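Kindly produce the complete structure, drawing on both the sequences and the hints.
Listed below are the residues making up each chain.
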Amino acid sequence: MTQPSGTTVSAVERERRAYRRGRQRRSALVSAVSTVVVAVIVWLGVVNTPGWASVQKSFFDPHTAFTSFPAILLGLWLNVRVLFFASIGVAVFATFLAVIRTLRGAVFAPLRWLASGYTDLFRGLPVIIVLYLVGFGVPALGVFPRLPAEVWGTLALILTYSAYVSEVLRAGMEAVHPSQRLAARSLGLSHAQTLRLVVLPQGVRKVTPALVNDFVSMQKDVGLISILGAVDAVRSAQIDVATTYNFTPYVIAGLLFVVISLPLIRLTDWLEARQRRREQIGGTV
Amino acid sequence: MTTAQDPQTPPVLEIRGLVKSFGDAPVLRGIDLSIARHECVAVIGASGSGKSTLLKSVNLLEQVDDGQIFLQGEDITDPRVPVDATRARIGVVFQQFNRFPHLNVLDNVTLAARKVHGQSRGTATATALRWLERIGLADKVGDYPDRLSGGQQQRVAIVRAIASDPELLLLDEITSALDPQLVGEVLDLVADLKRAGSTILMTTHEMGFARRVADHVVFLSGGVIVEQGPPELVLGDPQEPETRAFLARVHPD
Ligand SMILES: Nc1ncnc2c1ncn2[C@@H]1O[C@H](COP(=O)(O)OP(=O)(O)OP(=O)(O)O)[C@@H](O)[C@H]1O
Ligand SMILES: [Mg+2]
Chain A
-10 MTQPSGTTVS AVERERRAYR RGRQRRSALV SAVSTVVVAV IVWLGVVNTP
40 GWASVQKSFF DPHTAFTSFP AILLGLWLNV RVLFFASIGV AVFATFLAVI
90 RTLRGAVFAP LRWLASGYTD LFRGLPVIIV LYLVGFGVPA LGVFPRLPAE
140 VWGTLALILT YSAYVSEVLR AGMEAVHPSQ RLAARSLGLS HAQTLRLVVL
190 PQGVRKVTPA LVNDFVSMQK DVGLISILGA VDAVRSAQID VATTYNFTPY
240 VIAGLLFVVI SLPLIRLTDW LEARQRRREQ IGGTV
Chain B
28 MTTAQDPQTP PVLEIRGLVK SFGDAPVLRG IDLSIARHEC VAVIGASGSG
78 KSTLLKSVNL LEQVDDGQIF LQGEDITDPR VPVDATRARI GVVFQQFNRF
128 PHLNVLDNVT LAARKVHGQS RGTATATALR WLERIGLADK VGDYPDRLSG
178 GQQQRVAIVR AIASDPELLL LDEITSALDP QLVGEVLDLV ADLKRAGSTI
228 LMTTHEMGFA RRVADHVVFL SGGVIVEQGP PELVLGDPQE PETRAFLARV
278 HPD
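Protein chains in written order, with the working numbering: chain A, -10 to 274; chain B, 28 to 280.
None of these hints come from the bench; they were simulated from the model.
No experiment lies behind these values; they were computed from the predicted model shown.
Computed footprint of chain B on chain A, listed as stretches where at least three residues anywhere in the stretch have a Cβ under 8 Å from a Cβ of chain B:
1. -1 to 10
2. 263 to 274
Heads up, simulated SDA-like pairs for lysine to any residue below, C-alpha to C-alpha not over 25 Å straight-line:
3. K195/A - N131/B
4. K195/A - F127/B
5. K142/B - T154/B
6. K195/A - P172/B
Quick reminder that beta carbons are idealized off the backbone N, C-alpha and C, glycines included.
Here is the structure:
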């Protein structure tokens, strides 16, 4: 904690602060130096392997990277849109599933079984198989109008990821202390209000890292819609690889996926830190 | 100070010029206080006056902004002093109890004795059982804290703090969840602890409690000690108008 500006501090406190700063500087220095040393060792190890020259040519070729970049970026835009709609779909459907699974009382038993059967099924099914079933199987029924491949891909992702996310949300809701429910109900809040205003907000806070995990994982799996024929970043890269016989486009696509995941990861880190500062007592432990 | 003191042995706790702010809001603005062996000091003051903050600073749970705290003559605010070892010498009962919901009563009480002070499970359990019996919780040993009543939780928290025989006890509003009869029992317990050699720094809203167990009462207001002295004087015949106003609000008689 810092002293309010304008107040002077004693010599003892000044010495303590100097000591703490010194310790901080030293640990920062130690970690910086060790990071650089490890990085250099890894780098030297890789560039001195016998095959490095040819690997560099086929995976890290600047010219191919440059020429393939626009198409991949265009494809990535499709990924971003699919991700956007899939996230909304997952948020809604997963919350719905999680709430159903936390309902108490015998009347809701069939609903609970249905929801838990659903999560069991879709957490077990590989995404690729869900993609094939939804992307090729459902249109083949002939009852739906012709829709682009990415729409079916989005739907398949929602079906799969809602199963995962609903379990994470349920864990969060169940981790909220029962006294919170008691307090909310005693104020006259209904069951639904208690869920929405007290239990869910606290539950989501408890599982934010796990939710971000699932989000980033889904963002990668958006690349799988290429198997349905949608021209996304992965598919664009694949087309380039087929013409240039160089794997650099894949590396570019991979890096772009990492880059688009960063803003969200940083944002949630920041939100979490801010909420901790605001709501919790902090202190030194 | 109230009790006669050997000039050679330092006070158990000595606080000098303690300053603590949260952000830009100063909470403690220069506290000086010293507690001799076997002495019990009660801190009184309005809600939000910084009583809990003072106790947390002594237990190094908050980093002070200025001033020094000496435990048996050793400056524990010095960043070179090992923090965990210092905390192990101090027992704390928090205002919110902070018992561990995933451990039963016995494990709550024996955790520190076993993991910090290296006692065997047998020794720790024997001590714990003796205390739990003393405080009327022998039949709750295997229960989990959430299923206890407020007063029972309070008593478990007290036993958890004293089980490892600390050099200094910090008690934050330990009677706040108790009925009058239990207040009496806890009061007897604190008096016993004092007789057995404990040194106690406590906060309380119960002037009767302060009057009965404390050797020295400190009135905290506006981040400073406004008045201090033996309970008969501070509570019975306060000199400062602010103390009088506070006491009149607590005891409108
Ligand atoms: N972690 C914190 N961050 C910001 N402000 C805090 C924090 N802890 C305490 N405060 C503030 O410091 C002031 C003193 O709080 P403290 O808990 O010490 O009061 P108290 O005297 O123990 O009150 P009570 O008798 O109600 O327990 C309050 O105004 C409180 O809002
Ligand atoms: Mg308090």
